[in-house]
Each structure stands twice: as C-alpha cells, then as structure tokens.
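A.B. asks: First to last, the protein sequences are chains A, B and C.
Quick note on my numbering: the first sequence kicks off at 1 and runs consecutively.
Quick note on my numbering: the second sequence kicks off at 1001 and runs consecutively.
Quick note on my numbering: the third sequence kicks off at 2001 and runs consecutively.
What the hints contain is simulated information worked out from the structure, not anything from laboratory work.
For each residue, glycine too, the CB sits at the ideal point set by N, CA and C.
Accuracy of the hints is not assured; some may be wrong.
Stated by the list, open to error - Derived CB-CB ranges, DEER-like:
#1 C:SER2122 with A:ALA24: 31 to 39 angstroms
#2 A:GLU67 with B:SER1074: 19 to 27 angstroms
#3 A:SER122 with B:ASP1071: 39 to 47 angstroms
What the hints assert, rightly or not - Part of the chain C face toward chain A, derived, beta carbon under 8 angstroms:
#4 LEU2037
#5 PRO2041
#6 THR2043
#7 VAL2069
#8 ARG2076
#9 SER2089
#10 MET2090
#11 CYS2093
#12 THR2096
#13 TYR2126
#14 GLY2128
#15 VAL2130
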Amino acid sequence: MLASFPVRTGSRTSLVDVTRDVEAAVRELGIRNGAALIFVPHTTAAVTINESADPDVARDIDSKLSELVPDSASFRHAEGNSDAHVKSSMIGCSETVLVEDGRLVLGTWQGIFFCEFDGPRSRTVYVGEVGGGG
Amino acid sequence: MLASFPVRTGSRTSLVDVTRDVEAAVRELGIRNGAALIFVPHTTAAVTINESADPDVARDIDSKLSELVPDSASFRHAEGNSDAHVKSSMIGCSETVLVEDGRLVLGTWQGIFFCEFDGPRSRTVYVGEVGGGG
Amino acid sequence: MLASFPVRTGSRTSLVDVTRDVEAAVRELGIRNGAALIFVPHTTAAVTINESADPDVARDIDSKLSELVPDSASFRHAEGNSDAHVKSSMIGCSETVLVEDGRLVLGTWQGIFFCEFDGPRSRTVYVGEVGGGG
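All chains, full assembly: derive it from the sequences and hints.
C.D. replies: Below you can see the structure in the form of structure tokens.
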C-alpha cells in the first residue's frame, strides 16, 4: 500500500519541510509500529532529514550544494539541468524513518525536507510501509 | 532471503543501469507488495537512482563527482583509491524501492544505477526484501 | 521495537566504527532474518558504511568532506555549525543492512561508521527492524 502527497515548489532550488505531510501519510497507511519509506519519484529532486527549527539551516544546505554543484556549461545532458541530477544523487531520493505507536521516531531537531533542485514545479512524494513489526 | 547479481564494469569510473537486474531479483525473491533493498557490498562503489532515459545524465554525474573528489596525492590510505571510498560514502551503498503488484515503484524517468568508482572490476549486488506487507 | 546505543566522540569531526554496537542491537532486537535500520537522530552527524580494515580510509573521508564543506563565515545559521548540517545531509542519517541468520550482511571490507561533524559530544544511535521476513 502506498500513500502520496503533492509538493508545490516556488523557486529553482529550495528545501521544503514536509514532516507534517509524512505524518499524515503514515496515519493514512495505518502504520503503528515499523518504518516508513519516503520516496521521491523525480530525478532532479531529493529528500533529506535535517534541522527544522531554524530555517537558515535549510537555506545554508541549499546554497552550499549550489556552490559545490553549480549550473555549468560543461555538462553534456542537453536539458541543461545536470546540476540538479547530480545533487539528487548526492542527497538521495529516499529516507527511511522508524514509527513507534504511530509516531515518527525523529530527533528533537529533525524534520523531513523535500529538496527541489530544478523548480519551480509540482512534485509528488510517495510514502510506503517498510517493516511490519506490528 | 537474499538474491544477488553480478556487474562487470569496464572502466575506472562509470554508472551502469541495473534496473532490469533488480527487477529480475525482485521476481526471484517473490516480492509482490513491500519493498526491496538494493545493497552494494563494496567500499569503492555505490548505488543511486537517477535518470535512465538520456545516458548523458549518468556521465555528467560520474564526471562531476570526479571533479569534486579527484584522485589526490594528499590521501593517507596507501592503496591510492581514497577518492573512490569518499564517493562511495557520498552516494551511499544502498537504495530502497517500494514494490507494488510485483513491480518496482519508480518515477517515469528513474532507473537504478550501479556506481563504479574503482574499476574495472567484477562486482556483486545484493537484493533483499524489506517490509513484508504481503 | 527499538534499540539504541551511545557514542562518545572525541573531536569536532571523526568517523567512529560502530559495527559491533549495531550487531549487539540486532541481537537485542532478536532479528534473525530481515533488515535493520541504523538511524542517527542528530542533525550534525550521520552514518555511513565504508572500509573498516584500514583506519586511514575513515580519516581520508573525514578530511575530504571538511575540504569540500569547510567551516565558513558565509553561512547564515547563527550557531556557526552549518558545515556540519550540510555534511549530515550529504552522507545521510540512516543506513539499512540486511540480516541473515542473525548476522549483518556486509561485504568483506565493510564496517558501519558513526560520522561526527560537530563534536565532541555524547550521541545516540537508534536501531530498528525493517522487514520482518521471519
């Protein structure tokens, strides 16, 4: 069984906190104890877990990645968005989070972020159960 | 239960599309609904999910990683392949993919790539079931 | 069900081999066949799988990451540890490892490393079952 939710991004690159959406998907799937896979079915986006308290952390991650992997004329891929593909593989298109008593097991400061690297676009995130301890 | 398949790489670095091999392993394991872990048991290789339609995307990822992490004399590890170890940790040695009705749940453009960072070599990839919803 | 173990790190950045701790957690959880998620509930740390035979490999990974993502005055986040947050997202806060007959399925040279990027600190690592094949 699979749940999904939409993400609308507003600029070429940004990190969007989707922790609440993932929590809603976990409830929808009825996962009580086990784990959830958050999977991004796009090749110019990613998902990461990092600090959600100070939004400057997400901005720093976004801008540092763009400094390391700038949009460059030396890429071969004709669509001109290879920087986004590289970032997608560096950050990764999935995260797995444990679930206990229906709640995500996250650290105090952790949130789940959709990473847009080639927006603005309408995106989709999948959530599925992995591990069915109960 | 565990399935595996071989990958023969042809140069020092390359990304090899192994989506078909993963699909075959998922059939062999009899996974109908749940998820599969693709695990690379090597420390100078990795696995990533990215665009499989245009092979230039994989080439751009490969060459950008080599630009970020060049083979360098300043590494301490005596075997002289620390660049490959660093890339392996940056990309990661596993991916988890949801399975629905026996099919991998991937986005339209996504394929699964074995990442060779210290070839050419004969490599192995493991596939195992994670999550047994049914 | 969830197990956890502490990690005490001794410097600002370091990679600590926690393979034995993960093995002990897998035994504690009674996982015989399936998979284990190793999850770091911190936003300035990570977990990776890489070579454990030669400790210089971990040192090379640590120093190359610091070269790519140095502590920089240009970050906005006021705590001054954005480099650690960026590295955390680049390496990732979880790894999934298959378990067969109660043993971690790792390659010959692979070990599991806790990655400290903003120490020294007292840290915690969670281990949970994902996939309950039996």
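A.B. asks: Holds or violated: the hint that LEU2037 (chain C) contacts chain A, with Cβ atoms closer than 8 angstroms.
C.D. replies: At about 5 angstroms, which falls below the 8 angstroms cut-off, the nearest Cβ of chain A leaves the hint on LEU2037 (chain C) intact, so it holds.
A.B. asks: Does the CB of MET2090 (chain C) sit less than 8 angstroms away from some CB of chain A?
C.D. replies: holds (6 angstroms)
A.B. asks: Let me know if the C-beta of VAL2130 (chain C) comes in closer than 8 angstroms to any C-beta of chain A, holds or violated.
C.D. replies: At about 3 angstroms, which falls below the 8 angstroms cut-off, the nearest Cβ of chain A leaves the hint on VAL2130 (chain C) intact, so it holds.
A.B. asks: Against chain A, is GLY2128 (chain C) within 8 angstroms by beta-carbon distance?
C.D. replies: holds (4 angstroms)
A.B. asks: Can you verify the interface hint for TYR2126 (chain C): is its Cβ closer than 8 angstroms to any Cβ in chain A?
C.D. replies: holds (7 angstroms)
A.B. asks: Can the hint on THR2096 (chain C) be confirmed by a CB-to-CB distance to chain A that is less than 8 angstroms?
C.D. replies: holds (6 angstroms)
A.B. asks: Are ARG2076 (chain C) and chain A close enough, Cβ to Cβ, to be under 8 angstroms, as the hint says?
C.D. replies: Constraint on ARG2076 (chain C) satisfied, holds at 4 angstroms.
A.B. asks: With a cut-off of 8 angstroms on the beta carbons, see whether PRO2041 (chain C) makes it to chain A.
C.D. replies: With Cβ-Cβ at 3 angstroms, under 8 angstroms, it holds.
A.B. asks: Let me know if the C-beta of CYS2093 (chain C) comes in closer than 8 angstroms to any C-beta of chain A, holds or violated.
C.D. replies: This interface hint holds because 5 angstroms falls under the 8 angstroms limit.
A.B. asks: Grab the minimum C-beta distance from THR2043 (chain C) to chain A and call the hint holds if it beats 8 angstroms, violated otherwise.
C.D. replies: For THR2043 (chain C), the interface hint holds, since the closest Cβ of chain A sits about 4 angstroms away, which is under 8 angstroms.
A.B. asks: Taking the Cβ atom of GLU67 (chain A) and the Cβ atom of SER1074 (chain B), is their distance within the range 19 to 27 angstroms?
C.D. replies: Given about 21 angstroms between the Cβ atoms, the range holds.
A.B. asks: Given a hint of 39 to 47 angstroms, does the C-beta separation of SER122 (chain A) and ASP1071 (chain B) actually sit inside it?
C.D. replies: holds (41 angstroms)
This entry satisfies every hint, going by the numbered hints stated previously.
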